[in-house]
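Numbered continuously in this note's numbering, the sequence shown closes out at residue 429.
I should point out that these hints are in silico values taken from the structure, not numbers from a laboratory.
Treat the hints with care, as some may be off.
Cut-off 16 Å, straight-line C-alpha distance, at most; resulting in silico cross-link-like pairs (EDC-like, lysine to aspartate or glutamate) [what the hints assert, rightly or not]:
#1 K175 <-> E153
#2 K175 <-> E103
#3 K74 <-> E97
#4 K175 <-> E204
Quick list of the computed label-pair ranges, beta carbon to beta carbon [to be verified]:
#5 Q354 <-> Q300: 28 to 34 Å
#6 T404 <-> P94: 46 to 52 Å
#7 A323 <-> D393: 27 to 33 Å
#8 W161 <-> A372: 50 to 56 Å
#9 N321 <-> L189: 39 to 45 Å
#10 M138 <-> E274: 28 to 34 Å
#11 A323 <-> T141: 42 to 48 Å
#12 P272 <-> L75: 37 to 43 Å
#13 S150 <-> E324: 48 to 54 Å
#14 A323 <-> R220: 42 to 48 Å
#15 Q354 <-> L297: 33 to 39 Å
#16 P94 <-> E274: 34 to 40 Å
#17 Q300 <-> M238: 29 to 35 Å
#18 A137 <-> R389: 41 to 47 Å
Here the structure is a predicted model, which is why all the values come from computation and not from measurement.
The beta carbon of each residue, even a glycine, is placed where N, CA and C say it ideally should be.
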Amino acid sequence: VILAACACRLRQWHHAASPTTDEPTASESEITEWRVPRAGWIGGCVCAGLLTVMMVQTWWGPAFAASPWESYRKLAREQQAARRRTALDTHEEPFDEMARLLEATVASDPADARAHIRLAELYRRWFEVLQRDSANAMTLTQIRDAAIASQFESPESLDQWLTVAIGPNREMLDKALAHTRRGLQLCPLQGEGYIYLAELAFLEGQGEQAKPSYINQALRLRPRYGPVLMAAGSELAMAGNWEAAIETWKRAYHDDYESQVRIMEIMAPVVPAEFFMENFRPDRIGMGRLLNHYRGLQRQRDVQIIGRRYIELTVQEAEANPAESLPLWMSASSTATLLDETQYALEFNRRAVQAAPNDFNARQALGNKLLAQRLYTEAVEQFKWCLSRAPNDEALRQSLMAATKGMHDGTQQPVASHVPVDPTASVPR
Numbered sequence: 001v002i003l004a005a006c007a008c009r010l011r012q013w014h015h016a017a018s019p020t021t022d023e024p025t026a027s028e029s030e031i032t033e034w035r036v037p038r039a040g041w042i043g044g045c046v047c048a049g050l051l052t053v054m055m056v057q058t059w060w061g062p063a064f065a066a067s068p069w070e071s072y073r074k075l076a077r078e079q080q081a082a083r084r085r086t087a088l089d090t091h092e093e094p095f096d097e098m099a100r101l102l103e104a105t106v107a108s109d110p111a112d113a114r115a116h117i118r119l120a121e122l123y124r125r126w127f128e129v130l131q132r133d134s135a136n137a138m139t140l141t142q143i144r145d146a147a148i149a150s151q152f153e154s155p156e157s158l159d160q161w162l163t164v165a166i167g168p169n170r171e172m173l174d175k176a177l178a179h180t181r182r183g184l185q186l187c188p189l190q191g192e193g194y195i196y197l198a199e200l201a202f203l204e205g206q207g208e209q210a211k212p213s214y215i216n217q218a219l220r221l222r223p224r225y226g227p228v229l230m231a232a233g234s235e236l237a238m239a240g241n242w243e244a245a246i247e248t249w250k251r252a253y254h255d256d257y258e259s260q261v262r263i264m265e266i267m268a269p270v271v272p273a274e275f276f277m278e279n280f281r282p283d284r285i286g287m288g289r290l291l292n293h294y295r296g297l298q299r300q301r302d303v304q305i306i307g308r309r310y311i312e313l314t315v316q317e318a319e320a321n322p323a324e325s326l327p328l329w330m331s332a333s334s335t336a337t338l339l340d341e342t343q344y345a346l347e348f349n350r351r352a353v354q355a356a357p358n359d360f361n362a363r364q365a366l367g368n369k370l371l372a373q374r375l376y377t378e379a380v381e382q383f384k385w386c387l388s389r390a391p392n393d394e395a396l397r398q399s400l401m402a403a404t405k406g407m408h409d410g411t412q413q414p415v416a417s418h419v420p421v422d423p424t425a426s427v428p429r
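Generate the whole structure from the sequences, applying the supplied hints.
See below:
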């Protein structure tokens, strides 16, 4: 429409600039003018209006979907950063808020394939978290294997079994499957969608034979994506090819948090700590998660091995980043306490106080360690400092009284020399 208006205006300028003569020029005699009746102009305007409405409808949805989508992406990045910062598997994600934002996105723009696949992945993870606290705490893999092994005669019997086995949490799986299907219909090139189909297709009655084809399709589309490699490794393990499975899992381990957790769940119960550390080479955060996982398995020998390596990596990072070393020194101290290395725990706590002299929690923890080791003079100093900041804390007052009494009773231990913290030589082995 704009180009047509420009052409019309140029034509008008041309006529205005032409000399006025009684006889038409040769060029003007060759021009044929068309006069459009009023009905034609009206019809043209109506068509232009309809085209405008169609264009607005096409872009209206994506425009409204942009705001919740960007809010979701910001929240997802924050959650990913939070998972990477902590070595413990205790980070709680705001699944309800993330689902609300993604549902608002697909409500405004039903053709957003990315949002559908993200919703499928979100509902799948949300289901796993809900299952941990349910009466029948089965993982998705266990439910899938049990459903396939049962060989139900009809979809109705499968539905009844799933309702009894999972309860209300089944809604999350149904939503995950629906959004996976819709996302792949809109964009079949989203490789992770085929991994979700491989895990969820049993809800539609598909058997074990469907899984390899979905995984192969995912590998062709995203050969370096962690969840895809994780699923491919699982298939190799089920086929008995453990060497190839471990090589595939090595590539997946450092890709994302969920792959790390799943590999730990599979490998930790059946391999010693040395094997896991040698093959997967976890960083400090990964080593902390591994330590926490082996603690849950009550494997004390492995806890000792992993804990010492975790302390070594933590000390290295703390010394390389003095400005951010407080939480690192405190983490090293708590891990040394776990390993019954009280001298190292005390020294790491001292280093934490040196890094942040005004940190209340670090000084209180140091005072408690000094009191436990009967180093009363130094403990009194720490408790007095804490009480000057929290004069109404009765527990601190009792600790100060105990340290003062011990100092006057003459039961104080000799002042211990500080333990060196060279991570390559001094960390307990």
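Structure-based check of all given hints:
1. Annotation: proposed proximity of K175 to E153 is violated, straight-line Cα distance about 24 Å (limit 16 Å).
2. Taking the CA atoms of K175 and E103, the gap is about 11 Å. The hint holds against a cut of 16 Å.
3. For the hint pairing K74 with E97, the CA-to-CA distance comes to about 12 Å; that is within 16 Å, so the pair holds.
4. Only pairs whose Cα atoms come within 16 Å are accepted, and K175 paired with E204 is accepted, the gap being roughly 13 Å.
5. A beta carbon spacing of about 32 Å between Q354 and Q300 agrees with the range 28 to 34 Å that was offered as a hint.
6. Checked against the given bound of 46 to 52 Å, the beta carbons of T404 and P94, roughly 47 Å apart, stay inside it.
7. Under the hint 27 to 33 Å, the C-beta atoms of A323 and D393, about 29 Å apart, fit the expected range.
8. Range check, W161 to A372: about 55 Å between beta-carbon atoms, so the 50 to 56 Å window is met.
9. With their beta carbons about 41 Å apart, N321 and L189 fall inside the hinted range of 39 to 45 Å.
10. M138 and E274 have their C-beta atoms about 31 Å apart, which keeps the hinted 28 to 34 Å range intact.
11. The hinted range of 42 to 48 Å is satisfied by A323 and T141, whose Cβ atoms lie roughly 43 Å apart.
12. For P272 paired with L75, a C-beta distance near 39 Å keeps the hint of 37 to 43 Å intact.
13. The hint said 48 to 54 Å for the Cβ distance between S150 and E324, and at roughly 53 Å that hint holds.
14. Remark: the range hint 42 to 48 Å for A323 to R220 is upheld by a beta-carbon distance near 46 Å.
15. The hinted range of 33 to 39 Å is satisfied by Q354 and L297, whose Cβ atoms lie roughly 36 Å apart.
16. The given range of 34 to 40 Å is respected by P94 and E274, whose C-beta atoms sit roughly 38 Å from each other.
17. For the pair Q300 and M238, the supplied restraint of 29 to 35 Å holds, since their beta-carbon distance comes to about 31 Å.
18. At roughly 44 Å, the beta carbons of A137 and R389 sit within the given window of 41 to 47 Å.
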